[in-house]
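Just so you know, the sequences run in chain order R and W.
If you read the first sequence in our numbering, its first letter stands for residue 1433, the second for the next number, and so on.
If you read the second sequence in our numbering, its first letter stands for residue 166, the second for the next number, and so on.
Bear in mind the hints are in silico, worked out from the structure with no lab data behind them.
We put the beta carbon where it would ideally sit given N, CA and C, even for glycine.
Hints should not be assumed to be uniformly reliable.
Unchecked claim - To be clear about the criterion: a stretch of chain W counts as covered by chain R if any three or more of its residues have a C-beta under 8 Å from a C-beta of chain R, and this derived list gives those stretches:
1) 177-187
2) 192-198
Said to hold, decoys possible - Far from chain W, by Cβ distances over 12 Å, these chain R residues were calculated:
3) Ser1501
4) Leu1549
5) Pro1556
6) Gln1565
7) Thr1724
8) Thr1745
9) Val1797
10) Tyr1802
11) Arg1810
12) Val1813
13) Thr1843
14) Pro1944
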Amino acid sequence: MKHRITNCPACGAPAEFKTASTLVTICEFCHSAIGRTDRNVEDLGKVSEIGNPASGLHRGMTGKWKGKSFTIVGRVRYRHSAGGSWDEWYLAFTGGERWGWLSEAQGEFGLTERRRLSKGSRLPPFDSLDVGQRVTLKGVELAVREKGIAIAESAEGNMPWAFQPNAEHHFIDLYGDDGAVATYDYGDGTDSATHEAYLGQRVSLQEIGIDTSSLDQNAGVETVDATQCNCPECGGPLQLRAPDETLRIGCPNCTALLDADKGKLKVFQSLYQQKIKPEIPLGTEGKIGDHTFTVIGFMRRFVKYQGRRYPWTEHLLYNRTEGFRWLVCNEGHWSIVENVKSPPRLGGDSADYEGKTFRVYDRGVAYVEYVIGEFYWRVRVGDRVRTADYIAPPQMLSYETSGHGKGEETTISIGHYISPGEIETTFGVKDLRRPWGVGVIQPSPSPGGSFYAMWFGFLAYLIFVSVFIGGSRGDGWLLIYALIGISLVPAGTLFYLYNFEVNRWSESDYSPYASSED
Amino acid sequence: MKSKLPRIYLVIGILVCGWFTTAAALGWRATDYGILKSLSSGGGRAIGGSWGGGK
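Model the full assembly from the supplied sequences, consistent with the hints where possible.
Right under this line is the structure:
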């Protein structure tokens, strides 16, 4: 079919296929998906109206990637089986034959292109790949980050693939070093479904030549009034700070859990819990790096070990362009946490990430105990995930694996120790609880290399004086006293540092300091 | 720890080294507590000559 303008088979309004390789376009008037066949067009059914993107991107925007100009011509919103959603933008490169797939999820972007599989070859079977498993695609080594099922629930504009409203998609998301990302698309998961592979890398909007100053600064804020909401359970005021990303809200007034769906709030679960005050109040802003983050959610979680609960709190931070971060507080020890950029290499009880080796500290099951504020997934009190923590102070790698239906997802995050003083300065809060005991990733209070250099310097000096000044008249006992005198402080320091590490590992089943009787 | 301890240690080290340099130059002798002597003579029950009774 050569023509690019047709009439919608559902309502008769004009509809445009912007490029010769566009396969589906969405009617601007009746929201029908119009498919292109060899000779004609067909009505693929209505799609629901698509929500605003959090980024403010829109069709018609232009950019440049690897020297080629592109125009954003379409978008599909996928609904994850765990409740969340993400957008996939379609970039038509100049000429119309080449396409880019730009995914947008929680403030992060990945630009991929379709890679042809060798003739007759198919992707590894969906069920044969596990989260964390390594594969190679077109010479790029990747690890499985997530396998899941999503529904293409709404769309706008043009698409370079045979979009079907509300069709299921089995997918596997992969990532690799240097920002490499990839997706295996298994269609509806049946044996006859077409398999596609997409490969590309994480990008920022600036990197792909999008004029970010032209983005709608209020995008994503329209669906729910950001300043005036009321809890449908208790009628108390709610302030939403990331309305378009938010799927679940814990009412700070009555602790009820609410569902946020296209601007409408409804009660998911009434909970009459004792309120827990966040260490940093919701709505507090703080500058991390060059970006201002807002505290939008607070939760308390715990792990159970030998009948004892070990709780900690987490503050969810949000910045529109940077996405989400976490501030985690455990016994007054704080860390700031973000998702890893590339997959660590797991090897038994250790993991390698960005040139550092992390040692396993803990494995277990973590439960959600208390939730208030906004969350980008459908969090529930009682949610459980399998966890594994690896440490290389002052950093921690955390693996959290959750299953939902046939899907499984592992989130790997990296946490950096941060002192309460820095938190107070950054977020303008006062009198944070000071830490108790040794933190799991608290930096070791090393006296520095110069301290030990001094020790060896003093030792050498004393021996020199004993030989060349004292000579035969020198008293060996005085030398021994002097050697002891200059070694007391270093010996005490070494003992303190050893004890510090023993205490760090005292709650771990994997302590390198554990005796055989432990 | 990184800033205070090395400074404190530097002062202690200089004092100890200064004291030892003076002692070596002036030929000072350490007080003899008899430790070496007692070690070379067998030690143990012989220290002090008796357990305090008998002789």
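Does the claim that Pro1556(R) lies outside the interface with chain W hold up, using a Cβ gap greater than 12 Å? holds (51 Å)
Chain W versus Val1797(R) - minimum CB to CB distance exceeding 12 Å, so not interface: holds (37 Å)
According to the definition I'm using, a residue is off the interface if its beta carbon is farther than 12 Å from all beta carbons of the partner; does Val1813(R) meet that for chain W? holds (42 Å)
Evaluate the condition: distance from the CB of Arg1810(R) to the nearest CB of chain W exceeds 12 Å. holds (46 Å)
Checking a non-interface call: every C-beta of chain W should be farther than 12 Å from the C-beta of Leu1549(R). Is that right? holds (56 Å)
Taking 12 Å as the cut and beta carbons as the points, is Tyr1802(R) off the interface with chain W? Holds, because the least Cβ-Cβ distance between Tyr1802(R) and chain W comes to about 36 Å, which exceeds 12 Å.
At least three residues with a C-beta closer than 8 Å to a C-beta of chain R: is that true for the stretch 192-198 of chain W? It holds, with 4 qualifying residues against the three required.
A cut-off of 12 Å on Cβ-Cβ distance, and Thr1724(R) was said to be off the interface with chain W. Does that hold? holds (31 Å)
Least C-beta distance from Pro1944(R) to chain W larger than 12 Å: Label holds. Min Cβ-Cβ 22 Å, cutoff 12 Å.
Run the C-beta distances from Ser1501(R) to all of chain W and say if the shortest one exceeds 12 Å. holds (53 Å)
Between the stretch 177-187 of chain W and chain R, see if three or more residues pass the 8 Å beta-carbon test, and mark the coverage as holds or violated. holds (count 7)
Grab the minimum beta-carbon distance between Thr1843(R) and chain W and tell me whether it stays above 12 Å. holds (35 Å)
Violated hints are absent here; each numbered hint is respected by the structure.
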